[in-house]
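Be aware that the sequence shown starts at 1, since it is given in the UniProt record's numbering, and climbs by one per residue.
Please note that a few of the clues may not be correct.
[Unchecked claim] Once the Cα atoms are required to be at most 20 Å apart in a straight line, the calculated EDC-like pairs of lysine to aspartate or glutamate come out as:
1) K34 with E82
2) K122 with E30
3) K122 with D111
4) K34 with E87
5) K122 with E77
6) K34 with D111
7) K34 with D90
8) K122 with D21
9) K34 with E60
10) K122 with E60
11) K34 with E114
12) K34 with D117
13) K122 with E42
[As the list claims (entries may be wrong)] Each pair of labels, with its calculated beta carbon distance range:
14) S65 with T104: 29 to 35 Å
15) S51 with E114: 17 to 23 Å
16) E14 with A108: 28 to 34 Å
17) A125 with T28: 18 to 24 Å
18) H52 with A120: 19 to 25 Å
19) R12 with S124: 18 to 24 Å
20) L66 with D90: 33 to 39 Å
21) T104 with H18: 17 to 23 Å
22) E114 with P75: 27 to 33 Å
Keep in mind that the hints were calculated from the coordinates and are not lab data. Virtual Cβ for every residue (Gly too), placed ideally from N, Cα, C.
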Amino acid sequence: MALMFFNGGAMRGEPLHHLLDGSPFVATAETAPKYRFYAVGEQCPALYPVSHGGAAVTGEVYDVSLDDLRDRVLPAEPHELELGVVELADGSSAFAMLLRRPYTSHVALRDITEVGDWRAFKASA
Numbered sequence: 001m002a003l004m005f006f007n008g009g010a011m012r013g014e015p016l017h018h019l020l021d022g023s024p025f026v027a028t029a030e031t032a033p034k035y036r037f038y039a040v041g042e043q044c045p046a047l048y049p050v051s052h053g054g055a056a057v058t059g060e061v062y063d064v065s066l067d068d069l070r071d072r073v074l075p076a077e078p079h080e081l082e083l084g085v086v087e088l089a090d091g092s093s094a095f096a097m098l099l100r101r102p103y104t105s106h107v108a109l110r111d112i113t114e115v116g117d118w119r120a121f122k123a124s125a
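Using the sequences and the accompanying hints, generate a full structural model.
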């Protein structure tokens, strides 16, 4: 099992939450304030680590088996994202989906760092 931070469509009540069936919910959490937060084509969120000018981002942590991560979660992620590790506000680490580096997609990015929460962004859009 691996801790995975989700901040978009796989959170509770969101359309991809079924991908986490069988994965225990651990906690609502925030990242350390080390990330820029983007809407990728207004369709999904993406974290991007920075050394300055970052903020905390809200999400949920689940204990996901590596098999489910490989077979269910990662195949459902868009091309613009890649698996990485983030620092949570309490100093611990978790897997998360990060903006692919270098970013080569034609899909537009919108900086939503000031919002820091995918659900709040969607509600305001």
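Would the pair K34 and D90 pass a check requiring their Cα atoms to be no farther apart than 20 Å? At roughly 13 Å apart (the allowed maximum being 20 Å), D90 and K34 satisfy the hint.
Hint says 29 to 35 Å; check whether the CB-CB distance for S65 and T104 agrees. Given range 29 to 35 Å: holds, Cβ gap about 31 Å.
Determine whether the Cβ-Cβ distance between L66 and D90 falls within the hinted range of 33 to 39 Å. violated (23 Å)
For the range 18 to 24 Å, tell me whether the beta carbons of A125 and T28 fit it or not. Hint holds: Cβ distance 22 Å, inside 18 to 24 Å.
Hinted pair, alpha-carbon criterion (20 Å max): K34, E114. Please report holds or violated. holds (13 Å)
K122 and E42: Cα distance at most 20 Å? holds (9 Å)
Take the C-alpha atoms of K34 and D111, compute the straight-line distance between them, and say whether it is at most 20 Å. The given pair, whose Cα atoms are some 14 Å apart, holds under the 20 Å limit.
Cβ distance range 17 to 23 Å for T104 and H18, holds or violated: Given range 17 to 23 Å: violated, Cβ gap about 30 Å.
Hinted pair K122 and D111, Cα distance within 20 Å: holds (13 Å)
Would the pair K122 and E77 pass a check requiring their Cα atoms to be no farther apart than 20 Å? holds (18 Å)
Is 19 to 25 Å respected by the C-beta to C-beta distance linking H52 and A120? Since the Cβ atoms of H52 and A120 sit about 24 Å apart, the hinted range of 19 to 25 Å holds.
Distance restraint evaluation - S51, E114, Cβ atoms, bounds 17 to 23 Å: At roughly 19 Å between Cβ atoms, E114 and S51 fall inside 17 to 23 Å, so the hint holds.
Figure legend: structure checked against the earlier numbered hints; hints not met, in rising order: 8, 16, 20 and 21.
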